[in-house]
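Protein chains in written order, with our numbering: chain A, 1 to 480; chain B, 481 to 974.
Simulated from the structure, these hints should not be mistaken for lab results. Don't take every hint at face value.
To be verified - Dumping the calculated DSSO-like pairs for lysine-lysine here, alpha-carbon to alpha-carbon at most 27 Å:
id, chain 1, residue 1, chain 2, residue 2
1, B, Lys647, A, Lys361
2, B, Lys841, B, Lys919
3, A, Lys361, B, Lys841
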Amino acid sequence: MPEIPSMWPALPEIYVCAMGCLILCVDLFVSKQARTVIYWLSQVALLGAAALTLSLLMTPAGMTFSGMFVHDSLSNVIKLATYLIVFFVFVYSRDYIRERGMFRGEYFVLGLFGVVGMMIMASASHFLTLYLGLELLALSLYAMVAFQRDSAQATEAAMKYFVLGAISSGILLYGMSILYGLTGTLDIADVRQAVARMEADDVVLIFSLVFVIVGIAFKLGAVPFHMWVPDVYHGAPTSVTLYIGTAPKIAGFALVMRLLVGGLEDLAVSWQDMLTILAVLSMAVGNVIAIAQTNIKRMLAYSSISHMGFFFLGVVNATPNGYSSALFYVLVYAVMSLGTFGMVILLSRSGFEAERLDDFKGLNQRSPWYAFLMLLLMFSMAGVPPTIGFYAKLLVIQSVIEVGMIWLAILAVLFAVIGVYYYIRVVKLMYFDDAEDNTPIGASLDMRVLIGVNGLVLLLAMPWVGTIIDVCGRAVAGIY
Amino acid sequence: MFAEHLLSVCIWLPIVGGIVVLATGGDQNATAARYLGLIFTIATFIVTLLLYADFNPHTAAMQFVENRPWIDAFSIRYHLGIDGISVLLILLTSFCTVLVVIAGWSVIQKKVGQYLAAFLIMEGLMIGVFSALDAILFYVFWESTLIPMFVIIGLWGGPNRVYATIKFFLYTFLGSVLMLVAFIYLYYQADRTFDIATFHQVQLGENAQILIFLALLAAFAVKVPMWPVHTWLPDAHTEAPTGGSVILAAILLKMGAYGFLRFSLPIVPDASHQLAGFMIALSLIAVVYIGLVTLMQDDMKKLIAYSSIAHMGFVTLGFFIFNTQGIEGGIIQMISHGFISGALFLCVGVLYDRLHSREIKDYGGVANRMPVFASFMMLFALANTGLPGTSGFVGEFLVILGSYQVNVWYAVLAATTLVLGAAYTLWMYKRVIFGAVVKDSVAALEDVTPREILFLGLLAIAVLAMGLWPFPFLEVMHVSVDHLLEQVATKKVI
């Protein structure tokens, strides 16, 4: 009789899942006015999960469920970051979705199930677990994008997202199945051992690797697999764009780490070249096309593509230094993206979406404080010191120089300069142009406080950058 | 205890001051913001004077060193210290910022708090640039200065300010990123440290040296600016508010020249020698060609901007002839140009505040209405042409003397500046100040106010003091310059 697996390492996942179900039930019984309780329950779910994960920090790393689920420093760091980001996302979204009639229990339940998906991805040590987490996240996101069912734009975005997402999942799954055929196992550690015994230039092995990389590139939105990103970012309600543009990027890092580093690191020579191409194309296309955008959500979509290019710079050199730089990059990116979409939500109000770049005109006249926060966010995205975005770029660039790819570093900094243009254009609109619309900017107290924290942390985290880098380094070291 | 943190105080006091000024809120508290700004800049100036008073000119070692860990994973440290070269630039910075605050006192009427805060934060960051001894810390300060300057030009500048400020930002940012790549390369060559003193020791191959030199050149040449990457400067200078132009000309440009001394010459001495001819050629083109371009300007601010490029050509010329006179002359020229160009921009500001025009043709006969102003401007114009007895003379004379030892033709070409400089400055002066009053607007001019006399007078004292008695300035830097020359003379090729 098989032994009952230890449930402890998976307790946070089980808890969030249970809370999701509980909220679904509670939602049936609360009146429309009392629905705020759903919001609070969701936040409690996230806080509880954080407490559970924190308590697990002390326990030694280990596997459970017959080696399908791993609990290590990487999974803990990614989960904690995810809770924090989604907590902010819910705060920023609350009033926005209420004003647009989307304040329903399902919204938060889908958000929480998305979180579970990301947690499973972070803890996967088996191709099936990984795929399960990925699909749970993706299905939640498809539904969230389509949440405004009367909006033609959102529905179209959801369709595109769903079709392309399904294709990419298929591609990834196909790659995994070829690997299974070659190695006879789906367990990541076993795959690694099996691959180590094979020739590194085995054609079938490379063939499967290509599919895996394409799947990852699709999910992260790297060029040339980025087509869905601008449409989805643009079409989805801003609160959902906020969700898609932040936490799933961190989970994407887990995907890269578990698949490429955990399973296929012996093929690094092959995937390094592929990722280099993806990185250069993403930085080039993302930064150049972003300049032509007039819609801030589309601009941020292209910006996210270029940031994924920078993120890949950390991965291409296949060293622990590079991986921890990439983790730092993606964490910083998630915080910046959170703040920026938060600002878009802040400027929107009932019946008005602050989607055009021109809606940021004269923000300094309307509110010097919010303009300053947006200035920090934009300079941080651009990687201008002293904001934390600079350290993120510094780290990934030093990691490629460490392995001697100076040409790649030079390309990266040049694309970063191109990127500066569209970020400072936003600053220009806010500071140097006159406001077209002088409606006061109202927001709830918690949103005002959190967005202030979100913006200022980009500047004030400076003395503790070293500590954050150490945490990233330790998280990545856990995978070995 | 206090001495250990003196440099940190110099950097953070104005930055904190900037935040305090911002906290005064909107323009209803403009007066409070002005007084707070003044108090903080004067306090910073006093602290930097303490720095100067305690400075020991007999050692080339870094002084007032503060060294604590910051980002351990990459051994990036919060490492500050100054030598005889940087102490002068720090003094210049804190002095000019006080003047800028006084000069903007009643001129700036919108968003006063933000204006003063931008300048205060800028001051702290610039002092940081001159005192950082860790390459990444230096880079952080260096690039951070772009943000307040971007806002200063864009918010309070002239009609074409948005174009000018975006050009300024992108141009200088593009120059600097290659420097970052060079720093990271050096980090791995220097066994994982960003310590600048260690960079000075590290052995480098010939090709590596040349590439590093070019990467650093991209950053410094844009900032100085050297011909042919100077095109951002006339736009930025012309469109910036008076205070912005003063800070740009007096200090920001010096950051580039300082970079050559702190990084290029000691880190890649062999490449510096190899490419010295190229650098001298660029410098001489700046002196002669830009001197001619200056003659043709109709806009007073543009004229001074071009004249700044020509004068900075002298500075780089002095650095790349590798002798004591050259380098000391270059540094003196940096300080002196800070005073003179700042003063000239303030003079144009005085006129602009009255007539709202920078065009030379809108003036004429100003001396009849503003005699006191005309005499001040006379002094600064003559200083700009390098009249003996003013600070402009000392630097130019030393550089010409130094270049004569290397090659007579360098000296001859450099000396054309005495003719060209006199031509463009005095011609402008003649057209603006002398002649009969033809225009009604000029006839209505009022002479300088006590506030204007205050800042022009302070600068006049500085210009004359440095011209008549340059010894204290030379004494402070002498040992450090000798040390630098030793470093440049050491071969580092493996």
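*Quickly compare the C-alpha distance for B/Lys841 and B/Lys919 to 27 Å and report which way the hint goes.*
holds (10 Å)
*Given the hinted pair A/Lys361 and B/Lys841, is their alpha-carbon gap at most 27 Å?*
violated (37 Å)
*Is B/Lys647 close enough to A/Lys361, meaning Cα to Cα at most 27 Å?*
holds (20 Å)
The structure shown violates just one earlier hint, number 3.
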